[in-house]
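Asks: The residues making up each chain are set out below.
There are 2 protein chains.
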Amino acid sequence: MSLNGENHDPRAAVIGLGSMGFGMAQSMARSGLEVVGYDITENAVARFLAEGGRAAQNLTDAVEGADIVVSVVVNAQQTEAVLFGPDGIARAMKPGSVFISSATMDPAVARSLAQRLEALGLHYLDAPISGGAARAAKGELTIMASGSPQAFAAARPALDAMAAKVYELGDVSGIGAAFKMINQLLAGVHIAAACEAISFAAKQGLDLQKVYEVITASAGNSWMFENRVPHVLAGDYTPLSAIEIFVKDLGIVQDMARAERYPVPLVAAALQMYLAASGAGMGRDDDSSLARLYAQLSGTTLPSKS
Amino acid sequence: MSLNGENHDPRAAVIGLGSMGFGMAQSMARSGLEVVGYDITENAVARFLAEGGRAAQNLTDAVEGADIVVSVVVNAQQTEAVLFGPDGIARAMKPGSVFISSATMDPAVARSLAQRLEALGLHYLDAPISGGAARAAKGELTIMASGSPQAFAAARPALDAMAAKVYELGDVSGIGAAFKMINQLLAGVHIAAACEAISFAAKQGLDLQKVYEVITASAGNSWMFENRVPHVLAGDYTPLSAIEIFVKDLGIVQDMARAERYPVPLVAAALQMYLAASGAGMGRDDDSSLARLYAQLSGTTLPSKS
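Taken in order, these protein sequences are the chains called A and B.
Okay, so the first sequence: first residue is 1 according to this note's numbering, each after it adds one.
Okay, so the second sequence: first residue is 1001 according to this note's numbering, each after it adds one.
Simulated from the structure, these hints should not be mistaken for lab results.
Honestly, I wouldn't trust all of these hints.
Stated by the list, open to error - Distance windows between CB atoms, simulated:
| id | chain 1 | residue 1 | chain 2 | residue 2 | range |
| --- | --- | --- | --- | --- | --- |
| 1 | A | Arg30 | B | Arg1258 | 50 to 58 angstroms |
| 2 | B | Gly1281 | A | Glu260 | 24 to 32 angstroms |
| 3 | A | Glu168 | B | Ala1081 | 54 to 62 angstroms |
| 4 | B | Ala1259 | A | Ala164 | 46 to 54 angstroms |
| 5 | A | Gln254 | B | Lys1305 | 26 to 34 angstroms |
These figures come from a predicted structure and were not determined experimentally.
The beta carbon of each residue, even a glycine, is placed where N, CA and C say it ideally should be.
Model the full assembly from the supplied sequences, consistent with the hints where possible.
Replies: And the structure:
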């Protein structure tokens, strides 16, 4: 293996070692990539080292010699800081290497970040992810990707390692982000609808287990109803995905829609409920906590944790 | 076969020969019941006769000697008229016979109708249906039923003939209706969300077939997205289920929720869109016409019928 040559295993840097980035780094290491991780928080780095990962002390060290940089940070602001902030990696990345951007963001921002990075002779793959931490750890994510053929080619070893399914949605950045936002629009509204419905069923004294059985077999079903309502039935609001995620994502949808003069009354109604849940102190709890908000607002009793 | 005895095939009357009632009558006849149909509109009766059905001239004739009356009318008002209106059948039904009520309605109204009928020595089965005309014709509906054991026992031959799945949800009327309203809440909101999303995708110039492929494999999926968005992709708004159905059903949910002091912001937002679609002239078109409404309101072009 040569450190500067053509035939070494691809080197990947993972920026952000939260539950998703941690699993994605593991999946890449398992499939033979040489992986270096970095996170701004010491706990995340310590956990990564404890599992046998190699960590860098700072962003610049992390991307040194990397063919692929996978960014698994929270939002557009953090992505921009990673690339172009005071310690940004845009000027440290190896010529011809690719930046794979996972954060959910406004497509216009993804386009802009890509253009700025491409102007420096680097590749940008707009690649939002779907699937939870468990699937990240197994290398079975779904990735909604768009970018230049060169970006796809450079990113391929990482994509193959991280994902069960890669949708190739177009040859410019922004398209992947737009697909992700359509998914988040639906997911966010469906969670709110599921919570509005299950707490309304509780208000009427219906057998909630039976409601779950009937609805999941009927035209009222959604992926989110099926996935989130069991949390409500168990009274367990341990965060698998927090209320604040949809405060952020439906906020992005609403901002995009306002800019495009497109009305989104369902998104607007759902966003208000996420905001109210967060304001009432449930921002870091599971997003099925919307059911508890509806219960509070109507004097309804939901199952409690046994 | 005796006309007044114990051992004849059960006789069933079907009130309302629309697309659902027509199929339900066929299913019962196929399974050996003696079926008489009735509808207030001559066209529906003529179609039923043309297919070999037996039709009555009026409500009283229809239910004469019937062990089972299946009511497949549109709403609570029509159901009440069938039972207790000027030509109502409540006083003409055979003692011990059962009235199977299919219309979607407020559970409180279902309870009240049941109590009034039971006071006359008759049985009432609260039995909203789910599944379209095709499944009605095949005897493969889903029925969400509640009522007394005697009502279930008397209704059994008809339920077996009409449904692939009968949920037995409780021993008093109103519970079946409440389950149906929870389903309609979700179904109505999910159609609106699907249309908000697919037209927003069109506004951004995304490949809508690809959006359908990605979303139906992702966490943003719903039964309604999967079922209704193909109408939008085909530009075909021939009504399989009309906008007006959800003007009615989300209106019932909103009235129930207001009476119970339960806030339903997602239902409220969706209902406004169904009202706007109806007000804009699409009330009798397919409910996926909400996508056309969003398109009109944002200067977006959707696929047109080829």
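Asks: With reference to the structure, classify each hint as holding or not holding.
Replies: Results for each hint:
1. With their beta carbons about 55 angstroms apart, A/Arg30 and B/Arg1258 fall inside the hinted range of 50 to 58 angstroms.
2. A hinted range of 24 to 32 angstroms for the beta carbons of B/Gly1281 and A/Glu260 is consistent with their spacing of about 25 angstroms.
3. In this structure, A/Glu168 and B/Ala1081 meet the distance hint of 54 to 62 angstroms, their C-beta atoms being roughly 58 angstroms apart.
4. In this structure the supplied range 46 to 54 angstroms holds for B/Ala1259 paired with A/Ala164, their Cβ-Cβ distance being about 48 angstroms.
5. Taking 26 to 34 angstroms as the suggested C-beta distance range, the pair A/Gln254 and B/Lys1305 conforms, at roughly 32 angstroms.
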